[in-house]
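*Asks:* Next come the chains, spelled out residue by residue.
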Amino acid sequence: MVKIPINILIVDDEEDFVEMLCLRLQDQGNNVKGVHDGRGCLRALEEEDVDVVVLDIKMPGMDGIETLQEIKRQAPITEVILLTGHGSIETAVDGMKLGAFDYLRKPAAFEELLEKLEAARERKADQEDRIRRAEAQALLRRTGDV
Amino acid sequence: MTEKRKVVEFNPMRSEEDTVRVLLVDDEPDYRETIGKRLRARGFQVSEASNGREALEALSREQADVVVMDVKMPVMDGLEALPEIKEAFPRVEVILLTGHASPEDGVTGIKAGAFDYLCKPVKLEHLMSKVRQARDKLLWEEERARQAEFRERMEQQMIVTERLASVGVMASGVAHEINNPLAIIQEAAGWIGNLLGKAEMADMPRKEDFEKALEKIFKSVERAKKITHQLLGFVRKTESISKEVHLEEFVGEVISLVEREAKDRNVRLLADVQPQCAALWTDPNPLRQVLLNLATNAIHACGREGEVMIRARQKEHETILSVRDEGQGIPKEDLYRIFEPFFTTKSPDQGTGLGLFVSRNMVEKLGGKLEVESQLGRGSTFWVKLPQRPDIPREDFPNDRGAS
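Residue numbers (our numbering), protein chains in the order written: chain G, 1 to 146; chain D, 1 to 404.
Treat the hints loosely; a few may be bogus.
Here are the computed lysine-lysine pairs in the DSS-like style, where the Cα-Cα straight-line distance is at most 30 Å [unchecked claim]:
{"no.": "1", "chain 1": "G", "residue 1": "K97", "chain 2": "D", "residue 2": "K226"}
{"no.": "2", "chain 1": "D", "residue 1": "K226", "chain 2": "G", "residue 2": "K116"}
{"no.": "3", "chain 1": "D", "residue 1": "K37", "chain 2": "D", "residue 2": "K120"}
{"no.": "4", "chain 1": "D", "residue 1": "K72", "chain 2": "D", "residue 2": "K86"}
{"no.": "5", "chain 1": "D", "residue 1": "K263", "chain 2": "D", "residue 2": "K198"}
{"no.": "6", "chain 1": "D", "residue 1": "K346", "chain 2": "D", "residue 2": "K216"}
{"no.": "7", "chain 1": "D", "residue 1": "K72", "chain 2": "G", "residue 2": "K116"}
{"no.": "8", "chain 1": "D", "residue 1": "K130", "chain 2": "D", "residue 2": "K120"}
{"no.": "9", "chain 1": "D", "residue 1": "K226", "chain 2": "D", "residue 2": "K72"}
{"no.": "10", "chain 1": "G", "residue 1": "K58", "chain 2": "D", "residue 2": "K130"}
{"no.": "11", "chain 1": "D", "residue 1": "K225", "chain 2": "G", "residue 2": "K97"}
{"no.": "12", "chain 1": "G", "residue 1": "K97", "chain 2": "G", "residue 2": "K116"}
{"no.": "13", "chain 1": "D", "residue 1": "K243", "chain 2": "D", "residue 2": "K207"}
{"no.": "14", "chain 1": "D", "residue 1": "K315", "chain 2": "G", "residue 2": "K116"}
{"no.": "15", "chain 1": "D", "residue 1": "K123", "chain 2": "D", "residue 2": "K37"}
{"no.": "16", "chain 1": "G", "residue 1": "K3", "chain 2": "D", "residue 2": "K207"}
{"no.": "17", "chain 1": "D", "residue 1": "K216", "chain 2": "D", "residue 2": "K226"}
{"no.": "18", "chain 1": "G", "residue 1": "K116", "chain 2": "D", "residue 2": "K219"}
{"no.": "19", "chain 1": "G", "residue 1": "K116", "chain 2": "D", "residue 2": "K123"}
{"no.": "20", "chain 1": "D", "residue 1": "K111", "chain 2": "D", "residue 2": "K198"}
{"no.": "21", "chain 1": "G", "residue 1": "K33", "chain 2": "D", "residue 2": "K332"}
{"no.": "22", "chain 1": "D", "residue 1": "K225", "chain 2": "D", "residue 2": "K369"}
{"no.": "23", "chain 1": "D", "residue 1": "K198", "chain 2": "G", "residue 2": "K97"}
{"no.": "24", "chain 1": "D", "residue 1": "K198", "chain 2": "D", "residue 2": "K243"}
{"no.": "25", "chain 1": "G", "residue 1": "K58", "chain 2": "D", "residue 2": "K137"}
{"no.": "26", "chain 1": "D", "residue 1": "K225", "chain 2": "G", "residue 2": "K116"}
{"no.": "27", "chain 1": "D", "residue 1": "K86", "chain 2": "G", "residue 2": "K33"}
{"no.": "28", "chain 1": "D", "residue 1": "K72", "chain 2": "D", "residue 2": "K120"}
{"no.": "29", "chain 1": "D", "residue 1": "K332", "chain 2": "D", "residue 2": "K346"}
{"no.": "30", "chain 1": "D", "residue 1": "K86", "chain 2": "D", "residue 2": "K120"}
{"no.": "31", "chain 1": "G", "residue 1": "K3", "chain 2": "D", "residue 2": "K263"}
{"no.": "32", "chain 1": "G", "residue 1": "K58", "chain 2": "D", "residue 2": "K332"}
{"no.": "33", "chain 1": "D", "residue 1": "K226", "chain 2": "D", "residue 2": "K263"}
{"no.": "34", "chain 1": "G", "residue 1": "K72", "chain 2": "G", "residue 2": "K3"}
{"no.": "35", "chain 1": "D", "residue 1": "K207", "chain 2": "D", "residue 2": "K225"}
{"no.": "36", "chain 1": "D", "residue 1": "K219", "chain 2": "G", "residue 2": "K58"}
{"no.": "37", "chain 1": "D", "residue 1": "K198", "chain 2": "D", "residue 2": "K225"}
{"no.": "38", "chain 1": "G", "residue 1": "K58", "chain 2": "G", "residue 2": "K33"}
Simulated from the structure, these hints should not be mistaken for lab results.
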């Protein structure tokens, strides 16, 4: 199967972690960018098309859940995978109710992360397909009623 | 020089109603008889001696509470005998009877440890009053000693509890902090692994050495992960749920989870759930984790073969789950330590030493008790005792006076 590159944004206040994860995911054939806080995340979303955001729940300043809500406001079709330290599993589940795709406990197994990234990418792609078809239908309806 | 007497411990459990035992020491038998008769008439238990040496012998044969002793006696007088009595029988109170011309003997006596003194000739009422005072002092001191012992035991217990509590809090703080660098180590090591696998690295000198070292890093990260997950699970603030747990099904679940482990080691797993075991109201998740921990320990204890039995029994308002193994058993000196955090006899990559610490804590949070019985060479049994319903108050009887 041909690998479809995923546009990934990594958001975590641990810089070394972001750097390593970016390198590894890029090595897998994806387009990866890393930022270190919620504001950086929202700025990046304005500038580029991101398929999946990998988001740390516990960050100083704007925390994960706040950032998640902003992402869903700004770019609702972008998928979000939450990274949690232990005690915030309940928060991760809350996050899923707020629209996050899934979550992983830190330190996350790389293979698992890859699986979830691919699944998230697929879901977004499917949704975008549906949107395109719906737009086409809407266009037809406007012009075609002849 | 007189020989040293060994210290004789006083009988601690006496009450106000008990008869006061008086040892009357005087070299004049008539005097002794007169005083003795009147003391006995008023309910005192009286024994007699004619000098200091006899007094010491009498005290070692039969305990007394108060010694009424004349100062002027042959062989060993009162002032000589006094320090010996106080040394060998520290709880005996001594009342000295001094000649009316030498009250200074009495003062000397008090300085040497006598309770008080009276000048001869002695008014009986005064003597009895003094004896009762001496007896009261005795009872009061015993009570104080008991309370001090109780308080010390409580403090010891509190220190241990607090220490465990702060270990718990600190442990989770540390674990939390460590997760982040762990994640970085894992990613960085993974990245090195990725690089080593690339085509351009095919001919890299000593590649296997790098890969071997990397393997060790991955393994250690896994181990560290287990520790932090366990520690953090221990302090988890999840809302606890309370539901009806059907024991036969529950034990079955636990067994199926450890089946593989048991099979690998040729260990037989047996379940025995008493049919009349009522359903248990509790939080199944931590309970399952506890049983898993106990069952896994039991399987490991069996070594290369053996049997592990998981039982459920109903006793009055208590449900008792037990896990028994036929392993090597736990030596007595370790039995007190196995619930301590990080105490383990396994090698570092086999166990974190946290299982029982976390398990006991979980059982206590469920309102129960985790206990162990073990025999070297025969095996061990762990008991999880739970109230049938969490709201039924557990009655903790002090197992000895003063403890709680």
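*Asks:* Go through the numbered hints given earlier and state which of them the structure violates, listing their numbers in rising order.
*Replies:* Hints 5, 7, 9, 10, 13, 14, 19, 20, 21, 23, 24, 25, 27, 31 and 32 contradicted; others consistent.
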